[in-house]
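Fit chain D to the supplied structure of chain R, relying on the hints for placement.
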Amino acid sequence: MNWQVFSMRAPCMMATKRLCSGWSDVLFRLGLLSSLLSANVQVLAGAPSDDEVRKEYFLKNVVPVLQKHCSECHSHQSGKAKGGLVLDTRSGWEKGGDSGPSVVPGKPEESLLIAAVRYRGPEMPPTGKLSDEEIGVLERWVADGAFDPRTTAANAGPASSDMESRRSHWAFQPLTMNSVPDVRDSGWSEAAVDRFILSKLEARGLHPVSDADRYTWLRRVCLDLTGLPPTVEQIEQFIGDESPEARKNVVDRLLKTRSFGERWGRHWLDLTGFADQIGTANDVFAEHAWRYRDYVIDSYNKDKPFDQFIREQLAGDLLPFESADQRAEQLTATGFLLLGDLTIVEADKAKLQIDVVDQQLDKVGRAFLAMTIGCARCHDHKFDPIPQDDYYALAGILNSTQSVHKAAWGVWSFPTEVVLPETELQRAERMMQTVQHQQRLEVLRQEQSKLQASNTEIDAAIQATEATLSQAALTARNAARSEGDAATGTGEGAGADSTSLSTTVSLLKKLRDAQSARLRKLNEEVQHAVFFAPKPPRAFAVQDVAEPADMKVTIRGNAHALGKTVPRGFLSVIGGEPVPNDAAETSGRRELAAWLVSEQNPLTTRVVVNRIWQKLFGEGIVSNVDYFGLPGEHPTHPELLDYLAQRFMVQGWSQKQLIRELVLSRTYGLSSIEGNNDAQKADPENRLLWRMNRRRLDAEALRDSLLMVSGRLIDSDGGPALPLEYPENSGSLDPAAVNPPFFRLGRFRPEQHFERTVYLPIVRSAPQSGPGELRNVFDFTQPAEFSGQRSVTSVPTQALFLMNSTMMSDTARALAERVLESPGEDRQRLEFLWLRTLGRPIEESELSESIAFLEELRRGLLTATDAGSELKCWSQLCHALLASNEFLMRL
Amino acid sequence: MKVTDLIRLSGRREWLQSTGCGFGGIALAGMMADKFATANLISGEFSGSRPAGPHFSPRAKRVIFLFMSGGPSQLDLFDPKPYISRLHGEKIQPPIPGHEVTVGVDRYLALAPELPIRPRGQSGMLISDLMPHLAEVADELCLMKAVHTDNEAHAPATLQLHTGASIDVRPSMGSWFGYGLGSENQNLPSFISIHAPSDVRTFGSGFLPASHQGTPVSVPRNAQESAIQYLQGSGTSADLQRQRLDMVQRLNRRLLDKVTTDQQMEGMIASFEMAFRMQTETPKLVDLSQETQAIQQMYGIGEGRTDRNARACLLARRMSEAGVRFIQVTMGGWDHHGNIRGALPQTCAETDKPVAGLIKDLKMRGLLEDTLVVWSGEFGRTPWSQDLSGTSPIEQHGREHQPESFCAWFAGGGTKAGLTFGQTDDFGFLPVAGRVHLHDVHATMLHLLGIDHEQLTHRHNGRDYRLTDVFGSVVKEVLA
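Residue numbers (our numbering), protein chains in the order written: chain R, 1 to 891; chain D, 892 to 1371.
It is worth saying that the hints were derived from the structure and are not from the lab.
We put the beta carbon where it would ideally sit given N, CA and C, even for glycine.
Hints are supplied without guarantee of correctness; some may be wrong.
[Unchecked claim] When the alpha-carbon atoms are kept at most 30 Å apart in a straight line, the in silico DSSO-like pairs for lysine-lysine are as follows:
1. K1307/D x K681/R
2. K68/R x K952/D
3. K982/D x K972/D
4. K304/R x K248/R
5. K656/R x K304/R
6. K1149/D x K1254/D
7. K1175/D x K1251/D
8. K1307/D x K406/R
9. K349/R x K406/R
10. K256/R x K681/R
11. K129/R x K1307/D
12. K982/D x K349/R
13. K1251/D x K1307/D
14. K1149/D x K82/R
15. K656/R x K681/R
16. K1175/D x K1254/D
17. K107/R x K349/R
18. K82/R x K552/R
19. K1307/D x K82/R
20. K952/D x K1367/D
21. K1367/D x K972/D
22. K68/R x K129/R
23. K1367/D x K129/R
[Claimed, not checked] Taking CB as the label site, the calculated pair distances span:
24. A464/R x T1282/D: 21 to 31 Å
25. A1371/D x P126/R: 33 to 43 Å
26. A1371/D x S769/R: 42 to 52 Å
In isolation and in its complexed conformation, chain D is listed as follows:
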């Protein structure tokens, strides 16, 4: 039975309102051979609740958000400070009014980056030798060097990056985008989170309708691994499972026949059919072997260190091509409290080629124009070192978290390619120009998608909420 039949069966469309499309829609999307053949299967009905539209003409249609979990060190990657390099290993006196001192930083020793950060491309954007692949696409990036956020701990900062608030339960930005714009492809969920962070709020829909929640996906490396939880049965053959499912549906319809109408029941009946199809269709969707060797290599698929992120980035491109509105890819490993000189090159190696590969691929396909790529951690790291043991030599020190300023970049989607915006002080600690709060980043992202961040609101418990809280302004300087 197709979903269309189910709709006919119920004779109504209300069931969709209580039915989150979850991952189910994907199964129907057919990103397979006959790419969009089934695209309008149930045209327009999946958006369920209040599909909005842009407030003005958008520059971008979709977002790929590359979340660098842990807090990448901007001082080693994008923001060199001669003052710090000159004083490497010596005590400095940074401006940190009213701060509690954390463990291992009380000596305030300047820590220089190990590898040079050089001008790249036509734009001369500064990028470290640690990211040679990204350096190749420097002219596509729009680097913000003075971004700041409110909290210095991973969990609240991660939550703020994703929901605007560092505490409480608010809708994640991916769900706001879906809520504001609906889905580009009615059969796809508007929001996918690849290798999602552990906190479910980062892809949750909060008080927005459940249909806007993100679907967590992992990219399977083999046939035994499943892209989403509970996708594979426990040792029951497909035939047997179908027989059992038919029995469930017979019982369900019997009960439904007794009541005049019930959205909940109809929603579950539809969900079962979707879920059943997902089992066969999803593996095809996430099967990256359909991509050419050249493309796979460009991302770094099959290379030990890059493989996981490469698969995630390539899947992100496939999803964006098919019309998913917001795709998040999480890449971890950036939390370098100790031995940053040993560990940072590893993390860079794991992410550099996949990320650059994604930019190149999008560019090649003409997708970069209307795809906004965002690269950011939840915060940055201190210019002074951290030494948890208190006894190791400076070369083995790491860096502490720093919410006061850090680097993030945009690419494509109507941002100014090659622009470096904002400046920090001699320490690389406080912004001195072009200061951008995460709320401003959110406002700018919404703006690029054609949404006025002050207009996109949702009423909950008597109040209107928005992604940017009562804050945020569009960073006009970064708009192309």
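In isolation and in its complexed conformation, chain R is listed as follows:
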């Protein structure tokens, strides 16, 4: 029986109530209750004595009152369950709402329902008090044992048959074996993918447009695979390569670059809510978050089988290992569960725990299954076949996992850190660093104690001198007074001595203050050095709790209102088997991962291949890559989706192989520019892919491309994103501090201005600062959510950034410098510029237009006798080109 039903119009979200708010309710009501108990309450005599009579009384008298006054807000019929309460079934009032059971049979004085209708406590119904007669009916009913035969109600949530019909939704069906379809124009297709696409087009009487030219294809594939445009050399090499293997060679080369992982790893990070910050409160730094980011990039570059990638991220700590490296890698992987937006400040630790579990479950559901499992936290899922029990079956697994722990003080909690095993080499390196660190600390401390000692001496000297001075002044005053001439009693006697002593005091004070300032700085440096002393490598990683256990349902998400226990297990719509007995001693995460990647689970592979497809073609086969549920869109090419999913599994879950196959298809190589009237009319959104979709570069690809074409991009092999080695970038390092250590990004490492964007720090609680500020403007992901597809907006702020930011003017100038380094006349330089920035030869009309532009500027600028005016002219042209749609887009 589903007793918790919300308004069908109402959105349904997790209902989390703070303990305290619940508590104050309870306290409030307890007070009222005690006053009620002392009141003289009339209990009617002569109540009906057998069930028949009770039933008649109930149906005739009680039901009409409930229907008339309560059902509007508390019934399945109205679709409302205010305060979590429904009154049209027995179980409804038995379980009650947020404040607990509403009726205690036989005890009207303890029944919240009765208190409420008496207007003692919550006043119900709010529209006006019931008549005494009606209240009497309810009192009598409760006093007589609250007979209520109603076991089911109309619209009592999804009936089991409804759940059954939901299970037939396409996404939950086993993968179908689809043969590659026949097509009329068999000469067109190059890969199986093409025939799936072409057959749909042909069925609608359409045909794909022409292929993109080779320049466009090269820039497209480079940007899609690595997030960077091709270099002039790469363009020339590819255009010169007339062999049939030319494209394959390019793709194979791109898949081997480190840039591939930097691009595709970032796609994955979007699904994890990754940031270099713990939660959102107080800018707490996630010192080791970068290890997870590097793990992801490495995994993509190694082409780690995706099933293994899932296993490691969910249960890396529980997997066997053969080396310290592998162990460290697998532990780091579990950062997946920790590095999203976590609640870390909460006085109510029970609530904090279930909120953390909820955030993790939401992430697992979204990233791997494209499901909104979180919806079932408080009630059966409204649309999808996910009963509430399924939520707690899965939640029990994560609840048996230690993710956060309470800090030593206050209300703070933190993600669990583990020490990673070191290789011999790492250990040796750390030993060396430790020695250096101690030497440095020694130097600092020596200076500290020297200054402290010196200040003590100075203080003593000041004190002594001041004592002398005041003694002298006193003597002088006394002398003056004894002379009986108060008017001249200015301490003549102290005279010159006194002046020089005063000077001495003020000099000493100056020295002391200067030394104190230095000491303060030294203290900070020492504190910083001690805090960041070389330690064995650590990562944010989960582990099983001491006693893994099944979880109890939390009523309406209230951590303190617990219902029945649900055995740990998986989604019932896909297998739904419980965690096997032999794993009950553990959390069950390993089994969860195994279930996700089992051949019986069709969702995971569909979701992953659809995500890959979307990154390459612009739109997913299922257009919402994060939601495959009943109200979502159906796949445009279901047979293709299943074909790819199966192929993906057969090829050992290799993402690189799938990507390779897709980008070498003819469909991928279609023009994105050429129009086709028929197709435009029949399929204006291009869902059938009669042409390639055009896409704006995302924030990372845009910034990285700007750096690259201006010749300033530098390689990085990862490592810490937060420049915490600069003492000014962190605070609260004192062990006695009230708040956890925090960061502020005031100073960046010089190289961070030129590294790929994926390596820059990511902040959750504020705009991205410093070298990565472009991300604020160009639709960077919100690092507090899990989202597989970014929105693309065009807002004037972007235009302002492109026109006025120093990032743009610096880039334009650097690019102009490169151009001016290349020999030749304007014409040759323009050819070079176009190739370098847009990846294609300049057109004749563009050439003349650009020369005219340069000439116009020269006339204006050269009047000023500025040696750099040629550079200025070219900078303007470069700036214009970099701000143009063609540069901002991948065609």
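Just chain D now, kept in the frame of chain R:
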């Protein structure tokens, strides 16, 4: 080229759907000499996505939300507790079941307000001597004394105040209002955040269309400061910039000509023109020198301590007059963990005159009637003291955060002027009557603007979302 031409150029209106109006519209609004001359330049088309309308007749047309960042102490400002004052400096035993104890509060010493909180005006509303200007407009306010929220840390509580949820990415309330009502002036963004909080989610549009996101604005103090980011170029003359921009647009149109149609490209072309005009028009818009001396003085412009907030409040009035639907003004400095007796008077002095000036000004212009002003922190503060050092005398203690109950007030917009609603226990800790959750505040705000908070939903990832989550009821008692 005007935006109208651009629309003609594209021959379609779809580009607007992908184009957030951002701040650009403002430039076109002409709040200058010919105030609404250009108001309907592209009539009705800026709302872009699904402009809704009110569900019933609204009491207010717009909201000015004064966000007191840090958590003002209701016990020092609006809610005096004789019990606490009597026991000043002594240990009390508050009802705090199941709480983790935070640093510096473990002694539970009662801390009395330093200055008296007295009845004001006809209504007798209680307001501290720390806010003498606000006291003058007490009869315009509708004070809620038992508001509560869910989280005790700044960031999540601030997020909940602004989006209804303390975690995750949800649309901010300003964007919900714009989404529900469209813009009052089609050339203006519906939502402006003056001196916005650092968390971009507080003015973000979440999963609502980007055109509903808030535009962060700061009020420049001189010609060198810019009201919005990247508004001013780096050392390039306007002529040169125009030449370069023309080149960009030539390149853009060349590409656009090759494709049949492209919303993204057209959106960027339009954005560039808007952005260019913003550079010249925005400074005029935010130029407060056009206001009379008397008005400027009423807000406290030019006085050291009040200047920043005064400018923000006056700009808020100008914006509301011009038809911005939701204007947020953030005023910080309320997080008094220590030495509250020294620091609170400072913060009050910085905000009192500007806030009261705004109420007076709105009243004077007849705007208060249909402008809902909301004043609230993200939470309140404890009746017992906090002493982080553990050694300082009670007079130098502060107060810890308290989400269980705090004070917030409405003014105008169909709320009951002079009403004090709700009551807390003897400690000033738990509500005993008129308990109002932030969700209820949101529901009430929407209600006053004519929106049923349960009806204003948006589907995202298969679910309907709303500002009030699955909670919230309209606080009928505060409605006039």
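Which hints from the list above does the structure break, by number from lowest to highest? Failing hints, ascending: 1, 2, 6, 8, 10, 14, 15, 17, 25.
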